[in-house]
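Let chain E serve as the given structure and place chain H on it in line with the hints.
Number of protein chains: 2
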Amino acid sequence: MAKTVPVAKYLFQRLRELNCHSVHGVPGDFFLRALDHIRPAGLNWIGNANELCAGYAADGYARAGHSIAARQFGSGPKVGALFTTYGVGELSAINAVAGSYAESIPVVHLVGTPSQKTWQASSAARPVHHTLGDGRMDVYTEMAERITCAQTKFHKYRRVEDAVQAYDETLQECVSRSKPVYVSIPVDMLEAPVPLELLAKPLQLTAKGETGSVEDDLARNIAERIRTARAPLLIVDGLSYPYDLLAEVNALADMIPTACFGSAMGAVDSGAKHWLGTLSGPTEYFDSADVVLIAGPMLSDTNTAAWTAIPPTEDRVLFNLASVEMAGIVHQVPGKTVLQRLLRELSSNLPTAVPLPARQPIKNLSVHTEITQDVFWSTMSSLLKPDDTVLLANGTPLIGGRDTEFPLRTQVVASSIWCSIGQMLPAAQGISLAKRDLGLPGRTILFEGDGSFQVTCQALSDIIRCKLDVTIFIVNNAGYTYERWLNGMQAEYNDVPAWRYTEVAKVFGAPSDYPVLAVTVRTMTELVNLLAQESIHDGKGLKIVDVVMDAEDVPEKAKAGLRRAGEALRTLM
Amino acid sequence: MAKTVPVAKYLFQRLRELNCHSVHGVPGDFFLRALDHIRPAGLNWIGNANELCAGYAADGYARAGHSIAARQFGSGPKVGALFTTYGVGELSAINAVAGSYAESIPVVHLVGTPSQKTWQASSAARPVHHTLGDGRMDVYTEMAERITCAQTKFHKYRRVEDAVQAYDETLQECVSRSKPVYVSIPVDMLEAPVPLELLAKPLQLTAKGETGSVEDDLARNIAERIRTARAPLLIVDGLSYPYDLLAEVNALADMIPTACFGSAMGAVDSGAKHWLGTLSGPTEYFDSADVVLIAGPMLSDTNTAAWTAIPPTEDRVLFNLASVEMAGIVHQVPGKTVLQRLLRELSSNLPTAVPLPARQPIKNLSVHTEITQDVFWSTMSSLLKPDDTVLLANGTPLIGGRDTEFPLRTQVVASSIWCSIGQMLPAAQGISLAKRDLGLPGRTILFEGDGSFQVTCQALSDIIRCKLDVTIFIVNNAGYTYERWLNGMQAEYNDVPAWRYTEVAKVFGAPSDYPVLAVTVRTMTELVNLLAQESIHDGKGLKIVDVVMDAEDVPEKAKAGLRRAGEALRTLM
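Protein chains in written order, with numbering that gives the first Met the number 0: chain E, 0 to 572; chain H, 0 to 572.
Isolated chain E, as found in the complex:
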């Protein structure tokens, strides 16, 4: 008799094959039994406090594989994984999964559902819990189809062999398209036996054979444009991380002037020969550029100063995951391959040197009384070390981080299209966990807002429960300061309640064998003294620094942009 493996174990072993060692989620009765198979399959179950946190954490877990460090020290996870229950569970996580879609992060969302019999009946007269009570059992899948790139619904298959084959294909889509996928499994199929030989066949993750000549021609054309350009420019955008373009853009940054948008901070080493820094809008050089390569284009309004920093179509070349757009014409070839061939072209024939603007020196540490946004973010440069992963929450961290100098191989996680408040604390949990699971180097450092922290505060409990290493700076400025600048500077609707951030870890059950450092700093002197202590730098255990700042303060550089954005809101009518 052929050897078999239960479906649940098959699901998990495939994830393990993708270097995913942990599954995030909240247990539910429709898949409790599946959890008995996690450990035997070589994975860990991370019981998050809620599903939204689990979704963000799974997204963070997948992002850990994008760091430069990951490529130098081994392989990162190819996917993040999330397991929730039907209806109530999956919908609570759907914002995080949609965010993974928007920002091209490969996450596998597993959903435990009612039995096949229940699906067949789909009865309004006998509604099962977690349904809408009207027999429409497909509603959640219909929602998921809109925010995932592939789906497998096990209850649609009569033969379990066909279902797991569809699952394999869905996983392959997840990785190759770098987007989330959706997999639902009825409770009565979890233990169904799958022939072990199916599992023995590895997943097919390599791309289809390439013709080569298209890429070569394209690379030559682009190289020619760069050589003849008066002012060539490479802009690195956020999708360079998930599209795995970091090696290529760093090599290019030694050849032609290179800048990045906010979501790609850290992607290029600031020591690169032609490094211009992070664009907060058009610069003089940007305006003069006559050919602009954009790697991993996200091109969102928040990322490009409301599209003012996007060059005209005829001047630009976009390097996407599976296509390259040049002067408005789309070629269906992988952006990474074309970038690699372009590098070969350029290496043999370097472009003319172009004059570069002088770089801003890093500000020195200051001990002025209060901690201003301007001084804070540049001061933070002294905290960072190579291989750190730095998460910038929405709001002032996202803008302030542009003033921070990132050392070699720093991965910066800065959402620039999804921009969902509360994403980064659970994402930090997922990243720190992936670093531990896979032995990836570097600390996990989160710059969080007080408003953001309150959205997903229970993620701190998840961090504590897993005894993870996370350093958190909370910008405690009594509200949604970014929003204040848009409308309602003193409005109550922009306030958030004053929590005692340094006491949260204790209340969330931090055990005595898990090191917690929790401290409030109100002045630059206190901040500088803190940074002088060794304990803040070791990245071990949980560190929470509650940084008190003024409610209306934002980085000086950002004020004009925020004023414009606020004005736009007020003049739209």
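Don't read these hints as lab results, they were simulated from the structure. Any given hint could turn out to be false.
The list cannot tell twin chains apart, which means a pair is met if one copy fits it or any two copies do.
Okay, derived cross-link-like pairs now, SDA-like style, lysine to any residue, Cα gap no bigger than 20 Å in a straight line [as the list claims (entries may be wrong)]:
no., residue 1, residue 2
1, K466, E491
2, K116, R563
3, K116, L568
4, K466, A477
5, K116, L571
6, K116, A564
Then chain H, alone, in the frame of chain E:
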């Protein structure tokens, strides 16, 4: 020149007309300006810590209108209201809105979106933040359409007059169908002027004219069946609350034997002449019943002991919102009207008295050392007073509450189809707020699980911020005990971390002028002593009682059912 009112103010004034005085939500840049119109329209903005909490709170707010007390002391709110931002905000709340749909709660979900121009462009090349980045801007609406009964998308209208008229119709659907609705407004339409005369025309909330004879005939037939029945039975189910059937079922409970399902606890006064109690499964009388009326049928598995307590089609009459089903034939007439006429029929000709089973006496207070589930829930009967609203979270509170004796006019909120963990803490916020807004009597008392509390703990911050009156008993039993009984009694995946529940309020910023009582009880003596204190009974401010119970303990009565359910999960394969 005709007088006008900005769209935003129009939106809010219509909600005020529906007795909704507060809007829950989290601010976002696409609708910040709308918030400037809330106070002038006579409403409050409740800035929740996150959108899921806001959604549950809006649901709770609407439920406050269902209490018996509401009918005796004035009008409750006809809807709850929720305002979130496009994409990230609305998706974070979607689980709560879907729950309102499943449990027939009228909630108005307003969503602030990008401008009309952005909608027209729907550009993948220039993606705006909070979109998926691929130009598919309608995705979130498509999701909302599946879990709301009506929608108005302002960007679809060229004339703002047409848009607000569609809005009015959507609100009318919300109330008349008792389901959530979805309304999206582009940021540039918030200030558009609407002729004031449109607002002067009141919303049409009364049902269409009835023929009357169909209802009369039906009522006579039902009455005849009851009169000739050997054992008639009325079962009150959860939708009797939103369908406004409480007056009718209480009158009927004085005429024929009456029981309820778990989700309708509190709907019938336990002093009613023919009151049988809450059904946990078929009883001897249920089995003998030859005609069974079901008011507000929800009929979910969790509510009906896996449908074992649903009578055969030919023996039953279902009273729905807009239809009555008798012996399998559906009549399109309002259930409430038919119930009223049935009462008239029966009053003039009472049915034969039927023998009733003896009722269980309430257990006396006990001072045994540990607090067992069995003793706890009956002990809680002594805490409750008329007009209280009691929320039972999923898990042991939902089952344990069946052993609690509810005084006159107690409203019990017990989800029995949606069953989403974490719903009840934010729902308690919404209910308590509605009570204050509308001067409704009675305390808001929540029985919460530790696992549930951690899902939406930031709702406690919302309660504190609004200085609401809420009493919370936390069943602190170290995990998902309900799930333990289904699978994995000692499994780690059913554990939740040990938080210090009595310290959370302080950490979440409870101010000194807001009374907080927070205490842990570990023994019956401590519990009895606490109940002997006046301070626990006044319902003022926040009270958190951390009740430590055994991880594996459930009410004795529930064990057999849980064992069966667990066995079903294990034998499905």
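Using 20 Å as the alpha-carbon threshold, which applies to K116 and A564: within, between, both, or neither? between (54 Å within a copy, 16 Å between copies)
At most 20 Å between CA atoms: does that hold for K116 and L571 within a copy, between copies, both, or neither? between (53 Å within a copy, 10 Å between copies)
When Cα atoms must be at most 20 Å apart, do K466 and A477 count as within-copy, between-copy, both, or neither? Cα proximity of K466 and A477: across copies only (18 Å, versus 29 Å in one copy).
Check K466 against E491 for me: Cα-Cα at most 20 Å, and say if that holds within a copy, between copies, both or neither. Result: close only across copies, 15 Å inter versus 37 Å intra.
First find the shortest C-alpha distance between K116 and L568 inside one copy, then the shortest across copies, and answer within, between, both or neither for a cut-off of 20 Å. between (52 Å within a copy, 13 Å between copies)
State whether the alpha carbon distance between K116 and R563 is at most 20 Å within one copy, between copies, both, or neither. Classified as between: cross-chain Cα gap 18 Å, same-chain 57 Å, threshold 20 Å.
Every hint, counting from the list given before, is met by this structure.
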